[in-house]
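Q: From first to last, the protein sequence lines are chains F and R.
Going by the numbering used here, the first residue of the first sequence is number 1, and it counts up by one from there.
Going by the numbering used here, the first residue of the second sequence is number 1, and it counts up by one from there.
Take the hints with a grain of salt, since some may be wrong.
Here are the simulated distance ranges between beta carbons [claimed, not checked]:
id: 1; chain 1: F; residue 1: Glu133; chain 2: R; residue 2: Arg180; range: 18 to 26 Å
id: 2; chain 1: F; residue 1: Ala238; chain 2: R; residue 2: Arg102; range: 51 to 59 Å
id: 3; chain 1: R; residue 1: Arg102; chain 2: F; residue 2: Pro72; range: 17 to 25 Å
id: 4; chain 1: R; residue 1: Arg99; chain 2: F; residue 2: Thr255; range: 45 to 53 Å
id: 5; chain 1: R; residue 1: Gly57; chain 2: F; residue 2: Lys130; range: 58 to 66 Å
id: 6; chain 1: F; residue 1: Pro52; chain 2: R; residue 2: Gly13; range: 26 to 34 Å
Restricting the straight-line Cα-Cα distance to at most 30 Å, the calculated cross-link-like pairs of lysine-lysine (DSSO-like) are [claimed, not checked]:
id: 7; chain 1: R; residue 1: Lys54; chain 2: F; residue 2: Lys129
id: 8; chain 1: R; residue 1: Lys175; chain 2: F; residue 2: Lys79
id: 9; chain 1: F; residue 1: Lys161; chain 2: R; residue 2: Lys162
id: 10; chain 1: F; residue 1: Lys75; chain 2: R; residue 2: Lys175
id: 11; chain 1: F; residue 1: Lys130; chain 2: F; residue 2: Lys152
id: 12; chain 1: F; residue 1: Lys161; chain 2: F; residue 2: Lys199
id: 13; chain 1: R; residue 1: Lys36; chain 2: F; residue 2: Lys208
id: 14; chain 1: F; residue 1: Lys131; chain 2: R; residue 2: Lys54
Bear in mind the hints are in silico, worked out from the structure with no lab data behind them.
Note that beta-carbon positions come from the ideal geometry of N, C-alpha and C, so glycine has one too.
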Amino acid sequence: MTEGLTAAQDFSTDGPAKLSVAGLDFHYGDFQALADITVDIRENAVTAFIGPSGCGKSTFLRCFNRMNDLIPGTKVEGKVLLDDADVYAPGVDPVDLRRRVGMIFQQPNPFPMSIYDNVAYGPRLHGVKKKAELDRIVQESLERANVWKEVKDILGRGGLKLSGGQQQRLCIARVLAVQPEVVLMDEPCSAIDPTSVQKIEDLMAELKANFTIIIVTHNMQQAARVSDYTAFFLQEEAGEAARLIEFDRTGILFTSPKDKRTEDYITGRFG
Amino acid sequence: MDTKRVTNALALGFLWVAAGSTVLILGTLIGYVFIKGVGSLSLSFIFTAPQGVKAEGGIWPTIVATVYVTTLAMLIVTPVAVLAAVYLAEYAVQGRAVRLIRFAADTLASVPSIVMGLFGFALFVEAMHFGFSMLSAALALSFLMLPIVMRTTEEAIRAVPKYIRWGSYGLGATKWQTVRRTVLPAAMPRIITGIILATGRAVGETAVVIYTMGTSINLPLSPLDTGRSMTTHLYILATEGINLPTAYGTALLLMIMILSFNLIARYIVRRNRRMQG
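Kindly generate the complete structure, drawing on both the sequences and the hints.
A: This is the structure we're talking about:
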């Protein structure tokens, strides 16, 4: 059975924790996917989740905005605190939560509508109607997502007409438009070209001044480049729950990991 | 030549004929109706009313009745079918009840149209006292169109990729907001195609309308007016041998209408495929 970290590492000297997870178990029907995960996510920092495929890191990511609620038969136990309030407490509406905790997906997923309408989608959902206000939000969000210059003259064109990398930045703009506090990124660079990857990595460094970012990535170099903290997840045996093996400042985790399994993974001995 | 090659060539030949026969049948049919009907076709044929006992002159009132009744049927069926499909595809817990609804829709689609006509007569003309009217006929036709529109809409909704929905939920949209603002617009081209195909089916329907809107030639204005559809006109002219040239002219016009419905549906599908890449 996989042994993992069960106590949060204390990085409170670095800044406050935006998200705090304690003793989280996750089930898909009869299958337990995650066991006893305890970790704090620092505010205004980038935290990377790494680990081999199927180690539950994306599942864990979706616990923060309760996207797993959309999958029938899933069950969460334990606590996930956002600013000290449990997101799984009765009475919390996932719809409100997702406005505060935005998400970028692996596959760029612009809606089949214009670039402008894609970005204005969130604000409109939440009741912004004035054209001038929407114009301002759309421009600001596209600027923050570093895609404004490329699309400012074609805002009426379909979002699906953009290149993959532009689409992904459009999706980031779309999330920023609802002014979230946390941005979850589920392998945001795995389906796009290298130049765009560079742009999105640069973007993360800019965005963390205002947001708390969590990124799931298969790419260890990427985790090392963009993140301040790294969490390593592992499912040692098929059919067994995955656990958090190690969590540390990225520089430390990649240079002097404390756990043998982390060292094996980052030196490429498996996964 | 050795026998293997001959057999091969023969087999290929038969396959060709079998496959080509569809096109051949359609081509012959359209060609025949065209040759027989094109002589009658003219602007005055379209825009004037039939004259005298032999129904010479034009067929304008029957065109109006046909367009009137199918438009009305489309307006009745679209909201019901689309809402039913949204419920089935997005909200209903997939289980016995949903399977029953789908089975009912499929069975409804296979009810012979003459039975639907008889039922429409009993229900709308008699029991509900709408009489022979555009309204009765439109309601009966909507029964015929309902399963087609509902199933194509359901398929269209299911074909909208999951990650598009996730994008919407991820921004804090409720289920209804996601359905209304993302899923339905994304599915719209295919939904419209379904509606057009069902409307084409209704335009060509005869049995249902004979029983529900009557056969008298007049220009329908109110939904409670009677009328004679193009198909009924064609049926009566042909079976009673009154005026065959006009019958073929009507047939040709009817086929042109239905063909253009199919072409419009194809165009929408193609344009959409291009746009969504």
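Q: Please go over all the hints and tell whether each is borne out by the structure.
A: Hint by hint, here is what the structure shows:
no.: 1; hint: Glu133(F) / Arg180(R): 18 to 26 Å; in the structure: holds (22 Å)
no.: 2; hint: Ala238(F) / Arg102(R): 51 to 59 Å; in the structure: violated (37 Å)
no.: 3; hint: Arg102(R) / Pro72(F): 17 to 25 Å; in the structure: holds (20 Å)
no.: 4; hint: Arg99(R) / Thr255(F): 45 to 53 Å; in the structure: violated (59 Å)
no.: 5; hint: Gly57(R) / Lys130(F): 58 to 66 Å; in the structure: holds (59 Å)
no.: 6; hint: Pro52(F) / Gly13(R): 26 to 34 Å; in the structure: violated (57 Å)
no.: 7; hint: Lys54(R) / Lys129(F); in the structure: violated (63 Å)
no.: 8; hint: Lys175(R) / Lys79(F); in the structure: holds (25 Å)
no.: 9; hint: Lys161(F) / Lys162(R); in the structure: holds (19 Å)
no.: 10; hint: Lys75(F) / Lys175(R); in the structure: holds (20 Å)
no.: 11; hint: Lys130(F) / Lys152(F); in the structure: holds (20 Å)
no.: 12; hint: Lys161(F) / Lys199(F); in the structure: holds (19 Å)
no.: 13; hint: Lys36(R) / Lys208(F); in the structure: violated (76 Å)
no.: 14; hint: Lys131(F) / Lys54(R); in the structure: violated (63 Å)
Figure legend: structure checked against the earlier numbered hints; hints not met, in rising order: 2, 4, 6, 7, 13, 14.
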